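Heads up: the protein sequence lines correspond to chains A and B, in order.
According to the UniProt record's numbering, numbering within the first sequence proceeds without interruption in unit steps and concludes at 422.
According to the UniProt record's numbering, numbering within the second sequence proceeds without interruption in unit steps and concludes at 422.
Just so you know, these hints were derived from the structure itself, not from any lab.
One thing to keep in mind: the hints can contain errors.
Chain copies aren't distinguished; within one or between two, either way the pair holds.
[To be verified] Below, computed lysine to any residue pairings styled on SDA-like, alpha-carbon distance capped at 20 angstroms:
1) K79 x S49
2) K242 x G107
3) K53 x A333
4) K111 x E381
5) K172 x A362
6) K301 x A27
7) K340 x R19
8) K79 x T343
9) K79 x E46
10) K190 x T219
11) K340 x D176
12) K190 x A8
13) K242 x R421
14) K111 x L99
15) K111 x N353
16) K111 x E405
17) K354 x E184
18) K190 x S83
19) K190 x E217
20) K297 x E355
Everything numeric in this text was worked out from a predicted model, so none of it was measured.
2 protein chains.
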Amino acid sequence: MSAEKIVADLASTARIAARTLSTATGAERKSALLAIAQSIETRSAEILSANEKDMEAARAEKMHPQMQDRLLLTEERVKAIASGARLVAELPDPLGIILRESTLPNGLELKQVSVPFGVIGMVYEARPNVTVDAAVILLMSGNSALLRGSSSAQHSNAILVQVMRDALATTKISPDVIQLVPSEDRATTKALLTARGKVDLVIPRGSAALIRMVVDESTVPTIETGAGVCHVYVDEFADIEKALPILINSKTHRPSVCNAAETLLVHKSIAPTFLPMALKALSDAGVIIHADATAQKVAEKFSIASTAATQENWATEYGVLEMNVGVVDSVDAAADHIAKFGTNHTEAIVTENKEVASRFIALSDCAAVMVNTSTRFTDGEQMGFGAEIGISNQKLHARGPMGLEAMTTTTWIVTGSGQIRI
Amino acid sequence: MSAEKIVADLASTARIAARTLSTATGAERKSALLAIAQSIETRSAEILSANEKDMEAARAEKMHPQMQDRLLLTEERVKAIASGARLVAELPDPLGIILRESTLPNGLELKQVSVPFGVIGMVYEARPNVTVDAAVILLMSGNSALLRGSSSAQHSNAILVQVMRDALATTKISPDVIQLVPSEDRATTKALLTARGKVDLVIPRGSAALIRMVVDESTVPTIETGAGVCHVYVDEFADIEKALPILINSKTHRPSVCNAAETLLVHKSIAPTFLPMALKALSDAGVIIHADATAQKVAEKFSIASTAATQENWATEYGVLEMNVGVVDSVDAAADHIAKFGTNHTEAIVTENKEVASRFIALSDCAAVMVNTSTRFTDGEQMGFGAEIGISNQKLHARGPMGLEAMTTTTWIVTGSGQIRI
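Input sequences plus hints: build the corresponding full structure.
Have a look at this one:
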């Protein structure tokens, strides 16, 4: 059977099954998630033994240790997956929310209501926890899930999907709302990305290369997640007591994630005071520094190593302890730099001046602007969403951290008593 | 200069100019629109004379009279374009609206605020009025407009853009927020569709073929507009007094538009009473009938001509006075038929039974469900939006009629006092 046919069949089965979700109550969807959580805990041994098969293969092919760690499941990690499902089950029902309501002069009653997309595809890499995390978020928001994970996690994904489907078989929700897309053949990914009309949305989760591939090749609507070249701008009116911890937290708290900062921009008026402290703190934290001419002079004066920042440096998402440092003339110049090199993810300003903060916000074009706080707060759980399926880096549909609500669309319900258009 | 370079330069100029929109107040954007409206009226003669050049070319190449009519501008039509701009200027400002607001336990203040996309491309066909209609909606929502019209309207579009830019030159908004993409070369369309990162959104407006091309070829996010195979389902609990006018209005009020109905489905219990009346009324209105076996028998009995509806018929958006008629066993069967042949646009149910209506709504997967009213009400102006840039036929971002609000995205503004992530 061709990859197109395989995916089309899975999508078609999933769409019919999705009706058991769209006609279910929030309480019924919640019960289904709790059943899934329970089964995952109960069948932990089976899950771990399937995962061991993937781990054996990974060791045999000498997978990078960091990747092996992502692939690995432990008893604790399985418990955490189940707990995650229970947390999602406790979230407010995102469906049936009346977003707008009005009565027209002709008596028609208009309601805009949140409804599921229908069938959503996930394309992701080696972490098997995504299989469950994504499935429960999609189910709770009323959508069927087509899961296309990595072939390196195939045994883990297969058992996790089986456990979830078995759990659903005891509920009012059809097990067919969760479908594992075979990962042996790369063609199934392509087939999923081009199943326009059959799949309503595809979300990539993983490396920049994976996201780029999905965005380039997909004819199904997608939500781009990921890349973040985030900036911290320390304004002339900054409180240095705040600026320093914000800078260090933004860069070093978890350098590998997309909301970590890559570039520090400092207003020229505060540079003489702030730059020496900042460079020393970064250097002490083990951060390699790429600096513009002004910042390099300061670094030299204090015997702090730095290289001259290139155009490529300014545009790089390091993901490790490296940072660009530059001096700018004004908030507008900072915004110009960010417009040129940023990726519209998260930008922070440190300032006590509200007008400057407003100007920075108006000139920024990103998912989140942080005023006097760390870039690391662009995060669904930190923002109180309770769950996150990814961080949207695009402007269409959802921007920034995506929770349950982002997995819904809307429908207009227009109720009349025989009105016709004149 | 290559088409890619032309479009990249226009987009870059438009993005810088967009700042004069994102930092402008609603009142300033409104003034800009009023200046545009005024200039269009004042310079009506120039506009008509440019349009005459396009009309001459159209006549020379024997363009279809209907297409010629779409291309034609008259003094009245120019006035209507100016009035349209004034209407948009009066609408509530869609920017800076606080969509969500909360304070986190750590004291961070979260606000989700509506902001412009930035640079939006429009790809459209021969109607020169779209040049102004689209530009003013985009400007009012804070976006720069890259306008790619048809080469057959090139003189009309050029003068309209010139008039709008000249009007902006007298305001605080940069004229560069409106850019005409050259239409002599087809390659500029392709360049616009692939200017990912430079253009934030592309919206097609025109024929099904144009929309399909944009959706297939674009790597820039797009919003699919258009196709509607809409159904009217007359339930067993229908009030026939309402059903008949709703059916006739849905089919015949303006058959060429996307919210016109193409298929009538009748519950078997009411078919003996309703079908004869419905078929007669359709026939009297000049509607050609394609029917299933049951409906054909009724038609024959009353000497009403019909052909046997094929699979292709059920899936066709006629756009003219033709309609499919079928009998179904239940509301679920109606929903099944619609799921198979519908285009997720607008579906109507006529019923006095609220539970059946709810079931129909839950099983429908479309932009708008009409309960006891005509499919023709899926329309931005009818729904009270005041302006419409198109009807979205997709689930991502906007669904159904799109007004100013649909041309905005959001940003999170997180304000702290030095908080860092622990």
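Checked against the structure, which of the hints given earlier come out wrong? 3, 6, 8, 17, 18, 20
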